[in-house]
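Asks: Using the hints, put the two chains back together into the complex; each one sits in its own frame.
Chains as they are written, first to last, in the numbering used here: chain A, 1 to 114; chain B, 1 to 254.
Quick caveat, the hints were computed from the structure, so don't treat them as lab data. Model, not experiment: these values are computed from the prediction. C-beta atoms are modelled at their ideal positions from N, C-alpha and C, and glycine is treated no differently. Some hints here could point you the wrong way.
[Said to hold, decoys possible] One-sided excerpt, in silico: chain B residues whose CB lies under 8 angstroms from chain A:
1. 65
2. 86
3. 127
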Amino acid sequence: MQALNSTDVWTLLAIAGLGLITLLTRSFFVLSSSDWKLPNWVQRGLHYAPIAALAAVIVPEVVMYNGELVTTWQDARLFGAAAGATWFFTKGGVLGTIVCGMLVYLPLHLGLGW
Amino acid sequence: MSAWTGSTAAAVACYWRHPAFREGLRDTLIVAPGIAAWGLTTGVALANSGLSILEVCIMTLLVFAGSAQFAATPLIISGAPLWIIWATALCVNLRFMVFSAHMRPYMMHMPTPKRVWLSYLLTDVSYVMFTKRYQHPGVDDGQLFDQMAYCKASVFTIWLSWMGSSFVGIALASVIPLSWGLNFAGILALIGITFSLATTKLRILAGGLSGTAAVAAFALPLKLNIVVAIAAAVAMSLVIEHTREAARKRGAST
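Looking at chain B on its own, in the form it has when it is part of the complex (with noise of 0.2 angstroms):
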């Protein structure tokens, strides 16, 4: 335990002074407040839910996925089949599939278990502002290392507070009632992430159609509307890209 502790503190200490790893550190920690918010709540909910809090704590530790922990537990409650709980938990996070993808160019210089381990602790936040701020992956070690320390910043700092808030959300379960609603603050940090990724007008249109399209296939059971969503959204951004390519090289040949 000791000589694992040391390894992670130097570990620790070595990224520390990274620049990357600082500004990890720094664009994370300003949505930290945010998933603070959130995980309270996630806390709150779950140590209200039925589970016993040993099974709350357990499910917190090793989930780590918050949306899935709110779709899966009252089925648990509830005494559903198993194969009915898990597959509505890997429908709600299909999308961490489409983040896998993504960051899999970025990832592949390192040994499979660090790949895992990294991918499993990468959540939509992380996920978001590090394809925000490396759009292509690095083309020599130095800047898939400079990567990486931005993303191990990002991830620790997501962790932290989201286990520190859940933590305390389960012990304060019986003093913050659910009905202040201090969830919503989650809501506006992914909101200011969102509005930050609104770079291009085509990034703007597949933000609008996928909102739109999650809400028009709400009904959809197990959350599909999610991916559903983003599967259209991201289908018609690229139509309408390669539309306006086409465009552009008939004007450029005549």
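Looking at chain A on its own, in the form it has when it is part of the complex (with noise of 0.2 angstroms):
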């Protein structure tokens, strides 16, 4: 266990450098002042950038564990992820689909400990 304020120069460095990666990789094609346009072919491909983005994000945090394939029907990630799916193409709304969803994975992953 480290003392709450011990740092060093080297980690110190890392982390700065990080925050830069973050704001110039969120920051990249707004940089340059410079009039130019995206080929139309990219400016349409990004309408399915979201989707694309979120989908890559969360299905292997649902279906993948260790990074290997789950292999048993007993995860209580899978039992969250269908009953918040349900409650939004039900009743709709993100923030039931985080409830509904919450309400189902809790019990089993504490109670069961699926």
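Replies: Structure follows, in structure tokens:
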């Protein structure tokens, strides 16, 4: 256990670099003021980017464990995600999806250890 | 400091009366609990990672990118070379470059520092909500102003709930065990947003393809599976869109 306020120049440099990387990647295509436009096909492609980005982040988080596809159905995440999806498609709304999903997930995860 | 606080308060007051700003607040507040649960577990995880509390606080304030923080922290602990730490974060953050390409036409009317500052604060959730609400950049100053008011409201709400919950997580790190799995609330928030984006057949297909590809390519190093999945899904959707349009044109000409 390190002291609360211990640090060193190397770690601070690493962290500062990470902050700079966030800044540069998030602002990459708005940094330049010169007048250019993305090609038409790229602009059309970008309409599919948001859903593709989210699906790529979420799906592995729900169906994989330690880098492998889950092989058991006794996984609380599967039931939580299914409950959230059911709520979304019957009642709608993101908040209900979160609440309903957690109400199914937590008892299975904490109670049964799935 | 007081001048800065004063001008920020004035700007917030000015935006507060703006309908688009309030709409952005309302839309984002709905997912804020999911973000907060996610921020909380990130705070707990980082405080238990072996970094000092000071370092965790600095990282939380500066980096503002949960996935990159998770990927980079074990490398910092193990004393990996700086370029490997940074290359890892860069790969995890590559999707943000796609976002900034998309946001460019919405933002170019603003001066560079404002564009860069707002982009830095634009996380996955705000980007997705914004591009869902405004499918095309405004055609005049009024529309562009509305759009940026919505964007600022969303970014502001996410920043507050992420920072607030992260610091609560850091403070309560010894009380809240990670095994509770509270971060699943963040996943559920993202699931809800994903479904609300699934408005056309081709978009549903893009999501399905991307999710499958991300699982199939999971073994790639540096979380590159995410960027590979996005690229594959977008390319496939474009090809299908193009084929359909060509077929429609042929049908119209005969």
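Asks: Hint by hint, say whether it matches the structure.
Replies: Against the structure, the hints:
| no. | hint | in the structure |
| --- | --- | --- |
| 1 | 65 | holds, 5 angstroms |
| 2 | 86 | holds, 5 angstroms |
| 3 | 127 | holds, 7 angstroms |
The structure shown violates none of the earlier numbered hints.
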